[in-house]
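Student: Turn these sequences into a full structure, and let the hints steer you where they fit.
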Amino acid sequence: MDWLNAIIQGILLGGLYALFAAGLSLIFGVMRLVNIAHGDLIVLAAFLGLMITTTLGINPLLALFVAAPQMGLFGYALQRWVLNRTLGDDILPPLLVTFGLSVIIQNGLLEVFSADPQKLNAGSIETASIAVPGGINIGVLPLLMFVTAVAVIAVLQWIFYRSALGRAFRATSDNQDIAQLMGLNKSHIFGLAMALSLVVVAIAGIFLGIRTSFDPAAGPARLIFGFEAVIIGGLGNLWGTLIGGIILGICQNIGAQINPGWQLLAGHIAFLIILAVRPRGLFPRVDG
Amino acid sequence: MSDGFLEIDALSSYYGDFQALFDVSMQVGEGEVVAVIGANGAGKTTLMRSITGLLSNEAAMVRYRGQAIGGLRADQIATLGLSMVPEGRQLFPSLSVEENLIIGGQIGRRGPWGLEAVYRLFPVLKERRSQQSTSLSGGQQQMVAIGRALMANPDLLLFDEISLGLAPIIIKTIYEALPGIIGGGMSAIIVEQDITRAINVSHRVYCLQEGRVSLEGSSKTVSREAISNAYFGV
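These protein sequences, in sequence, are chains D and L.
Heads up: the first sequence at position 210 corresponds to 217 in the numbering used here, and the numbers run straight through without jumps.
Heads up: the second sequence at position 179 corresponds to 699 in the numbering used here, and the numbers run straight through without jumps.
Be careful, since some hints might not be right.
For each label pair, taking beta carbons as the anchor points, the in silico distance ranges come out as [said to hold, decoys possible]: (1) L:G608 <-> D:E133: 53 to 63 Å; (2) L:A687 <-> D:R39: 56 to 66 Å; (3) D:V89 <-> L:E647: 38 to 48 Å; (4) L:G705 <-> D:G107: 46 to 56 Å; (5) D:R39 <-> L:T654: 18 to 28 Å; (6) L:Q713 <-> D:S170: 34 to 44 Å; (7) L:A687 <-> D:D96: 43 to 53 Å; (8) D:S170 <-> L:E550: 33 to 43 Å; (9) D:G107 <-> L:E578: 44 to 54 Å.
The hints are simulated quantities; they were obtained by calculation from the structure and are not laboratory data.
Even glycine gets a Cβ: it sits at the ideal position worked out from N, Cα and C.
Tutor: This is the structure we're talking about:
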């Protein structure tokens, strides 16, 4: 029963990892930008949530509705005035600039909030659980996070494949020059993509802050989990990213079941095995 | 003739240090069809990229309806009513046939062209509307590329290498459709390697040779000898 429990909790944890990964996947899909600062932006969102909850005195789950638009606006500005300048035929400048951004965010947070671990307090929902047959308890909060992750992926999927914005994303991703000829301003399109990515980051950051404690240096590990979920699922496939997150979550929980010290290691090993056997991930997008 | 519709004035274009166009001057009147011919590497595609804004120039080098557009971005120029059928079709592989057409019309300019009008022009596209654009034959892809450009309801339509890489029968079909496309008073620049077709379909012709205009004249009166001189530079 412990094993079944580990798997179920792993699935729920996987939803959070999918949230870490979805924004990363979106940005890479639209503009081939690998955002090294993604994990730090998640932690930034968690601190933003902390500021909102302490100043307004509201539940972090409500603070999300304040933080998400702010992160979205920040994302648009960041893309228009910083990252767009780095995009080109050379893949190195955006890597270096987002790496620099990662360092800036970490040290900026350290200046303002110190290195103390922080936690967002969501109240009684944190300990609430639903008892299911077989003596397994499913936490309401992890369940909420998982359902949110599925909903976020579904919405992103809809935007990408069913909306005019998604059509513009895909066209710009296919061929930037020709997309410009269609009257699409790629700088604006990329800005919107980053805005969308950071809205997802806001959700991921606040959920992270409710689930565990966080500090200014917590970003890079979230980035790794996000990368692993994206790669396991297959680049450019959002549902694959959700599956990737779930696989990562299950492996970590099974690892922890064997030996508490094995939690992270088990996730990384699973990632390496999948990378060795299926270098393009489990569900790569089929390109024409 | 010069009514200030499109005026290119001493245009020089560069790819890095390499100069591809030297002082090219050219006019297109309202409702006029101009053919641009020339050998490979003569600068025809560079000229198209300069007009559409994919290559940026000094503002005054390209004027459209009196407005200096040489320095504008491609998406800004597109909203003014310039549209291009690019060399090699260049459809969006991630988009279906219909999505390729819709995105061509997303500027929202009013005019006779819309999905239904394009499907009337090329009925085969309606049957294949939900297919991936890359699954179509070369000729059908060219139809999508033309339809995509028309969806913007342009006042000036640029065709870059309209028949390159297509079977003769397809080229014939496309040329038969051309009067229905540009007959409605639309101006057009047609880049073409087939000189006879270029002459037949256009009012005036420009020949480029090594980045310079080597011939300019009325398509009705220009002699074959003058063209071959200008084309090959003998």
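Student: Look at each hint and say if it fits the structure.
Tutor: Each hint tested on the structure:
1. For the pair G608 of chain L and E133 of chain D, the supplied restraint of 53 to 63 Å holds, since their beta-carbon distance comes to about 58 Å.
2. Take A687 of chain L and R39 of chain D: their Cβ atoms lie about 35 Å apart, and the range 56 to 66 Å is violated.
3. A beta carbon spacing of about 46 Å between V89 of chain D and E647 of chain L agrees with the range 38 to 48 Å that was offered as a hint.
4. Look at G705 of chain L against G107 of chain D: about 54 Å separates their beta carbons, and that is inside 46 to 56 Å.
5. Restraint check, R39 of chain D to T654 of chain L: a C-beta distance of roughly 20 Å satisfies the suggested window 18 to 28 Å.
6. Hint check: Q713 of chain L to S170 of chain D, Cβ distance near 40 Å, so the stated range 34 to 44 Å holds.
7. Checking the proposed 43 to 53 Å range against A687 of chain L and D96 of chain D shows it is violated: the Cβ atoms sit about 34 Å from each other.
8. Distance hint check: the CB atoms of S170 of chain D and E550 of chain L are about 37 Å apart, consistent with the given range 33 to 43 Å.
9. Between G107 of chain D and E578 of chain L the CB atoms are about 35 Å apart, so this pair departs from the stated range of 44 to 54 Å.
Against the hints set out earlier in the document, violations occur for numbers 2, 7 and 9.
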